[in-house]
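Asker: As they're listed, the protein sequences go chains C and U. First residue of the first sequence: 0, per numbering that gives the first Met the number 0; consecutive thereafter. First residue of the second sequence: 0, per numbering that gives the first Met the number 0; consecutive thereafter.
Possibly wrong hints are sitting among the right ones.
Claimed, not checked - Here are the simulated SDA-like pairs of lysine to any residue, each with C-alpha atoms no more than 25 angstroms apart in a straight line:
1) Lys105(C) with Lys217(U)
2) Lys217(U) with Arg4(C)
3) Lys483(U) with Lys130(C)
4) Lys217(U) with Thr201(U)
5) Lys164(U) with Trp149(U)
6) Lys217(U) with Asn203(C)
7) Lys105(C) with Gln314(C)
8) Lys130(C) with Ile207(U)
9) Lys130(C) with Ile429(U)
10) Lys131(C) with Lys115(U)
11) Lys115(U) with Arg182(U)
These aren't lab readings, by the way, just hints derived from the structure by calculation.
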Amino acid sequence: MEEGRISSSQLSLLAISYLIGTTFLLSPGSQAKQGTWLTILLGLGEALIPVLIFTTLAKRFAGKSLIEINDLVWGKIVGKLFSLVFLWYIFHLGSASFAIFVALFKTTVLIATPEVILLISGLLSCIYVSKKGIEVIARTNEVLILITVLLLILGFLLVLNIFNANNLFPVIEIPITRLLWATQESSSLFGQTIVFMMIFPYLNRRKSCTGAIIKGLVVAAILLMSSAVRTTGVLGKISESYIFPNYETDRLIDIGNTLTRLEILPVLNFLTMGFIKSSVSLYVTSLGTAQLLNLRTYRPVVIPLGILMIIAATQNYPDISSHLRFVENIHPIYALPVQIIFPLITLLLAIIRRLPCQGENQ
Amino acid sequence: MIRFLLRKFGLAHLRKESPSTPEGKLLHSDLEENLALFREELGNSPDVIIRRFTLNLRNELKSAVLFIDGLIDQQVIYDSILYPLMIEAKKEKWAVKGHLIDFIEDNLLTVGGVDKDDRMPGLVAAVLAGDSVLLVDGCDQALAISTKGWEKRSITEPDTEQTIKGPREGFTENIRTNTAMLRRKIADPGLKFEQMKIGERTRTKVSIAYVKGIVNEKLVEEVRRRLKRINTDMVLDANYLSEFISDAPFSPFPTVAFTERPDVTAAKLLEGRVAIFVDGTPVVNTAPTLFIESFQNPDDYNFHFLFATMIRWIRYLAFFLGILLPAFFVALTTYHQELIPTPLLISMAAAMEGVPFPIVIEVVAMGAVFEILREAGVRLARPIGQTISIVGALVIGQATVAAGLVAAPTVIVIALTAIASFVVPTQQEIGIILRLGLTFLAGILGAYGILVGLLLTLIHLTSLRSFGVPYLSPVIPLSIEDQKDVIVRTPLWAMWTRPRSIGWPRPIRQGFGQSPTSPEETAGKDWSRPDDKKG
Chain C
0 MEEGRISSSQ
10 LSLLAISYLI
20 GTTFLLSPGS
30 QAKQGTWLTI
40 LLGLGEALIP
50 VLIFTTLAKR
60 FAGKSLIEIN
70 DLVWGKIVGK
80 LFSLVFLWYI
90 FHLGSASFAI
100 FVALFKTTVL
110 IATPEVILLI
120 SGLLSCIYVS
130 KKGIEVIART
140 NEVLILITVL
150 LLILGFLLVL
160 NIFNANNLFP
170 VIEIPITRLL
180 WATQESSSLF
190 GQTIVFMMIF
200 PYLNRRKSCT
210 GAIIKGLVVA
220 AILLMSSAVR
230 TTGVLGKISE
240 SYIFPNYETD
250 RLIDIGNTLT
260 RLEILPVLNF
270 LTMGFIKSSV
280 SLYVTSLGTA
290 QLLNLRTYRP
300 VVIPLGILMI
310 IAATQNYPDI
320 SSHLRFVENI
330 HPIYALPVQI
340 IFPLITLLLA
350 IIRRLPCQGE
360 NQ
Chain U
0 MIRFLLRKFG
10 LAHLRKESPS
20 TPEGKLLHSD
30 LEENLALFRE
40 ELGNSPDVII
50 RRFTLNLRNE
60 LKSAVLFIDG
70 LIDQQVIYDS
80 ILYPLMIEAK
90 KEKWAVKGHL
100 IDFIEDNLLT
110 VGGVDKDDRM
120 PGLVAAVLAG
130 DSVLLVDGCD
140 QALAISTKGW
150 EKRSITEPDT
160 EQTIKGPREG
170 FTENIRTNTA
180 MLRRKIADPG
190 LKFEQMKIGE
200 RTRTKVSIAY
210 VKGIVNEKLV
220 EEVRRRLKRI
230 NTDMVLDANY
240 LSEFISDAPF
250 SPFPTVAFTE
260 RPDVTAAKLL
270 EGRVAIFVDG
280 TPVVNTAPTL
290 FIESFQNPDD
300 YNFHFLFATM
310 IRWIRYLAFF
320 LGILLPAFFV
330 ALTTYHQELI
340 PTPLLISMAA
350 AMEGVPFPIV
360 IEVVAMGAVF
370 EILREAGVRL
380 ARPIGQTISI
390 VGALVIGQAT
400 VAAGLVAAPT
410 VIVIALTAIA
420 SFVVPTQQEI
430 GIILRLGLTF
440 LAGILGAYGI
450 LVGLLLTLIH
460 LTSLRSFGVP
470 YLSPVIPLSI
480 EDQKDVIVRT
490 PLWAMWTRPR
500 SIGWPRPIRQ
510 GFGQSPTSPE
520 ETAGKDWSRP
530 DDKKG
């Protein structure tokens, strides 16, 4: 079904891209105002719970994807139901990143272009790379993440003259319940790495998956925190009132009246990372569907699923404010079953049933 | 599918028939009958020469030498075949023992290569390759005597790959000269040539060259396999082979490299690559090929490394300008005017005032004009070439701007692109395709279109392989020790390993830490190669 192999460092890089893919623009925990960076840090800590659960599961069933694990542990019918929920979630994540992409372009860069043109051109590259397999996705990502990190550092340096450290204080201004909710919001973001349950079987060294994912999480958290600090420092309290605060920050760049209005930088970052996020989601959804239906290859389902994904993007998120509501109020709870509950009970049942049996796990 | 269609339309006979078997007619013992056989095969071409003479050994024997005029060296035929057989043979009283033809081969002929054969196909092939065939009345065997010699071009510097410093020699059309030039560069017994004949009609000599001990044996096996499955009529140039053996036949990116320079070929072989020589062309294929090779020029290693590094950056810059500049220009002027500094924007707007076409059409049209000029300039004879440049510069450059058909900034952009596209010659063909595609995408979607185009290109590049080696290596997948020759060209004494993806069977190229130091420090230092120490 998939012959490619990736190394654990490539997996880490993929995890970073997947996490920062859409969150550059929609920073998690932004309702915590100046404390956004703190909620990201707390969210990272909380996200270790789901990550440890599902990587333990993956290591217990080395070489098996989540779909296959579900089948083994729960039997054919219940297992397939669990897998369906999981695939729906990943499919949903992919369509969400398409939706953000459209929202960004419709409001900022290409205002008059019909959104279907934007979606189709974006989808084409996602389909192309998904059909090429995980190896190509991982390698493409290596280049893109290098560019992204360089641009991020550049972006940080360029706002130093308009950066006001006073904007960062006081750190916590909101009630503790709001803070906890915001923490759960960013934790549910980091928990999205469960998508890699489908990619672990293609690792060079399968035992290294926990370390690779955690490395990816930490780097992504650092990147997101620096970006949050930058936005708050430049925009101050009003940062919350923008839909895309990062975009607004780069608009304010002004170095000696020559380097001005570099809002293309966050767009570029978002496009490259969002492309990886959509592609990985599309790839995993296709691979999972193929495994669910016992197909010989996942390639024929890539195009139909991709088309469904952009349809879902336009139908689920008619506008950006409904998307924001979803991310802030619904996703933290919506993600819980897939990220924590299902893996946890699967792991527990596997322990109780003493799965995998000897011989099944080489 | 294709076979089915062919059958359906009764076109099955159009398919290539398999090569005929080597079985053929045997020689007779009568000279006239043998000559008739040859005439039947070779026809009455005026260049087929039959020189009859009388051989005086025990008794007078009618004999003949048959060769093709122009393919042979007259001097060799006279000095080493006719003179001994006609004059020397008479001088002594020979006691002929054994078979007559063996006796001639052993005692009279003073030529290096002599083969005995009794079948027509082999002999005819030998004649066509420039050998002379000696037929003697009463013998049912003949001798194919190596008398090859034809007009050759002298060794000159290749026009397409010139260097400022460094050797001034390039390959010629003669495969033997070429292999000899390579041997002169690499005096290692490990340098091996494997010859085969490809092309049913042209019977072109093709040699695989590699350095045993450095090359990956599997790579040689793969090259051999891919060459052997070629079944075609003609091989007239190296590209006739590379299109058959390329990994990605539909990709515009070359996965087999070309060079006309012995020094480049030698360097590539010593990194563990395989070269494919084709007779009749100065162009040599090398494989596997990496994307980065297009940016590595032989002059990089002939100049100081700091300068070479800077020039390499210029080359990268020129490559990206060559493919991106028109697209950026279109995107900026059509969609993202806010990114242009205001004074520049005003002057550009003034220049574009009154131009009747959208910018993307202007850019594509001017690009087409440039390509037409380039193609005309390449094909035309030198004296007429000047006319082209005058017409191009004056009429198209000056007059179109003056007439207001094209804006001056467009002409500047196209001119800069044109110059930049010549800096990296091996990627020039791709440059044209990418430039056109990206310009269209920029016209439709602005900077986002450019990004989509670049993403698709990047995906394509990462999925490419050349003989099993990832095309973008050593950047993707990253190998740290190979970064010595990518962004920077490190000093030669620091390049102590061969490329990881290619020459890894024996990775150590030279001793480590040979940077020049003062004599006191050098004293007592171990210069031997790590490989040698292991034994």
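Asker: Give a verdict on every hint.
Answerer: Status of the hints after comparison with the structure:
1. Taking the CA atoms of Lys105(C) and Lys217(U), the gap is near 53 angstroms; set against the 25 angstroms cutoff, the hint is violated.
2. Of the pairs offered as hints, the one joining Lys217(U) and Arg4(C) holds, with about 21 angstroms between alpha carbons and a cut-off of 25 angstroms not exceeded.
3. Using a Cα cut-off of 25 angstroms, the hinted pair Lys483(U) and Lys130(C) is violated, with the two alpha carbons roughly 33 angstroms apart.
4. Taken as a hint, the Lys217(U) and Thr201(U) pair is broken in the structure, with Cα atoms around 29 angstroms apart against an allowance of 25 angstroms.
5. At roughly 32 angstroms between alpha-carbon atoms, Lys164(U) and Trp149(U) are farther apart than 25 angstroms, so this suggested pair is violated.
6. With a C-alpha separation of about 23 angstroms, the suggested pair Lys217(U) and Asn203(C) falls inside the 25 angstroms cut-off, and the hint holds.
7. Proposed proximity of Lys105(C) and Gln314(C) is supported: the alpha carbons are some 16 angstroms apart, at most 25 angstroms.
8. Under the criterion of a C-alpha separation no larger than 25 angstroms, the hint pairing Lys130(C) with Ile207(U) is inconsistent with the structure, at around 35 angstroms.
9. Using a Cα cut-off of 25 angstroms, the hinted pair Lys130(C) and Ile429(U) holds, with the two alpha carbons roughly 23 angstroms apart.
10. In summary, the hint linking Lys131(C) to Lys115(U) is not supported, as the alpha carbons are separated by about 56 angstroms, beyond the 25 angstroms threshold.
11. Pair hint Lys115(U) plus Arg182(U) does not hold up; C-alpha atoms about 30 angstroms apart against a cutoff of 25 angstroms.
Figure legend: structure checked against the earlier numbered hints; hints not met, in rising order: 1, 3, 4, 5, 8, 10, 11.
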